[in-house]
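J.: Read top to bottom, the protein sequences are chains A and B.
For what it's worth, this note's numbering labels the leading residue of the first sequence as 1036, then goes sequentially.
For what it's worth, this note's numbering labels the leading residue of the second sequence as 39, then goes sequentially.
Hint data in this document are derived by calculation from the structure and do not stem from the laboratory.
In this text the structure is predicted, and so the values were computed from the model without any measurement.
Hints may contain errors.
To be clear about the criterion: a stretch of chain A counts as covered by chain B if any three or more of its residues have a C-beta under 8 Å from a C-beta of chain B, and this derived list gives those stretches [claimed, not checked]:
1. 1069-1077
2. 1155-1162
3. 1246-1256
4. 1364-1375
Every beta carbon over 12 Å from chain B, so not counted as near; a handful from chain A, in silico [as the list claims (entries may be wrong)]:
5. Ser1046
6. Ala1061
7. Glu1121
8. Gly1139
9. Leu1175
10. Gly1206
11. His1209
12. Ala1277
13. Arg1361
Every residue gets a Cβ at the ideal spot worked out from N, C-alpha and C, and that includes glycine.
For reference, the chains in residue letters:
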Amino acid sequence: MTGDADHLLPSDTPVTLIDAHGHPVADAGRALPDDAALRRALASLITARRLNDQAYALVRQGRLAVYPSSHGQEACQIAAAQVLDEGDWLFPTYRDTVAAVERGVDPVEALTLLKGDWHCGWDPYEHRVAPHATPLATQLPHAVGVAHAARLRGEPTVVMALCGDGGTSEGDFHEALNFAAVLRAPVVFLIQNNEYAISVPLARQTAAPSLAHKGVGYGIPGERVDGNDVAALLSVLGEAVARARAGGGPQLVEAHTYRMQAHTNADDATRYRASADVEAWVGRDPITRLSVYLQIDESDFRARAERVAEHLRDGLNRDVEPDPARLFAHVYDRPTTQLQEQAARLADELSREVASR
Amino acid sequence: MTRHEKLSMAQALNRALRDAMTDDPSVVVFGEDVGPLGGVFRVTDGLTAEFGEDRCFDTPLAESGIVGVAVGMAMNGMRPVVEMQFDAFAYPAFEQIVSHVAKMRNRTRGQVALPMVIRIPYAGGIGGVEHHCDSSEAYYAHTPGLHVVTPSTATDAYGLLREAIASPDPVVFLEPKKLYWSKEEVELGPQPPAIGRAVVRREGTDATLIAYGPSVPVALEAAEVADREGRSLQVVDLRSIVPFDDETVCAAVRSTGRAVVVAEAAGFASVSSEIVARVTERCFHSLAAPIRRVTGFDIPYPPPKYEHLHLPGVDRVLDAVDDLQWEDS
Ligand SMILES: Cc1ncc(C[n+]2csc(CCOP(=O)(O)OP(=O)(O)O)c2C)c(N)n1
Ligand SMILES: [Mg+2]
């Protein structure tokens, strides 16, 4: 047996560097990121919030089928992207649209899935952002594979793999962590514990002391961090990325945050939680506390956020005519004879429809 | 340079892996017990010793993890060849196969290809106990985005596996367990493409037997017996279930006007039912009788002492041939 497991255990309380009132935490045992890094984070947080709220509005206007918002979780989204280098990879879930955008994905392409124009709207290789994963936790083994392939080739790539609290109950979460540990793959697993999986609270998901404790069973160090404190996230995730890059293997980070809105617009959260519970988290907002700490008026960053929101609105208001040929084009490298026949039949059917109009 | 050697199907598969790993450093092999042991059927024998642990390695026991990690490696420049230990033990990987392996290219409009091979020893006839004998081809064949192939000879095993590893698309490679030990002279070297191409294994003029994988030798034996009884049966070996070679299969059936499909899997909602539907749609006016099927019963794979009752055998195939309305012609 490998001896001392203590170094694998998370801190007793989540790492916090800037508290909910915007005050630096004394004796946090970690250095605060410098002001330039925090200003950069704040600018992105404000844009991310704006994007979340814009996307939510676009659902009401019928431009998006649905939107799983990360409103309130933006610090996790931004930190996860900002600690990565260009050659690193991000594996987002359906809730991590603004993390993908922070990494460079065009917000319009990031929402192609929910607009309905296609599944993945971006080229995953362009910014090294994998497609949104919807089947819970299934993206985690992929993240391990990308990391392991890079390690075999001697490339310094690190992979940031995102997952929700509910997703940790899935078998693929377990398999991915176990593989990552055994292969010593350079992966940072970031769980955004927003306390709910649709309607189901965390207590129904796990009896573990914390989700970060799950690491110990795999031999992976776990850490807990205040998920609404971008400074703490940058520090903890940055360290985990550096450690993975240096050959230290995977790490598990649990960020304590809260889903401020319903699961998606299609969900009615009043059926399973009290609004007082949500109110309690308003005072812990990631943007407010960082602006107080930096003594910056958020309006300084509004212009950029508005530009991005406008770009999103314009993009989503533009209708793209579906191209029927696309249905068959990418099932295989080259369409099979059968797919060619089906494509021809559909084309013929459509041409007759046009002719009979 | 082409070499000839007498090899079993398992050895031919092993050669295909070795040759592919030699030719292409991005080919990696992993799964359960595939390292020093060489796999429970020895298909990966000697690969770790020859290529090192980075190229052929044992993984934790987790089929979803194996296939999921292979997806990530294929996304990042590798050509993984993974082994599922037995047909029924591939089911934990089903979600990865159906939701990711099969769909990635389509989801990303062709930007992310997954050149990977999932090798699965499958089907019965070896006296295996439950969970070791499933004919699971229909699950994969039903899933758009996968290629599904199954060799019936050692030569095809070599050629198909080389082609599968080189393919830009994911391939589910089904290895008929009962044929692992059957030997023949194998040509080791470039072979004509076999994915998407059925082959006529035996010429015949009275009726066509359509089979794949473990059922091909049964069909060939039936044709041999029928020949002695004065009936000339043609045998078509699909080799590739997806893509399906309508052209070769339909040309064969048109040439005889009668057909029997032979397959081990349960017949309901199966590859055999698909073959009958396709051939009927395309060859209706050439058919002198409805196409018959000889398949496994619609039951869970039976215990070893019962499998002879379940598996399509020569007599059952010949009975089906007898039923092809000869008196009307
Ligand atoms: C395998 C699977 N089962 C069920 C679902 C349906 N589903 C979508 S989101 C969700 C809740 C997930 O909760 P969590 O992991 O905490 O992520 P969050 O939505 O809170 O970000 C469920 C059950 C799914 N997407 N995938
Ligand atoms: Mg959650």
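J.: So, against the hints stated earlier in the document, which numbers end up violated here?
T.: 1, 3, 9, 10, 11 and 13
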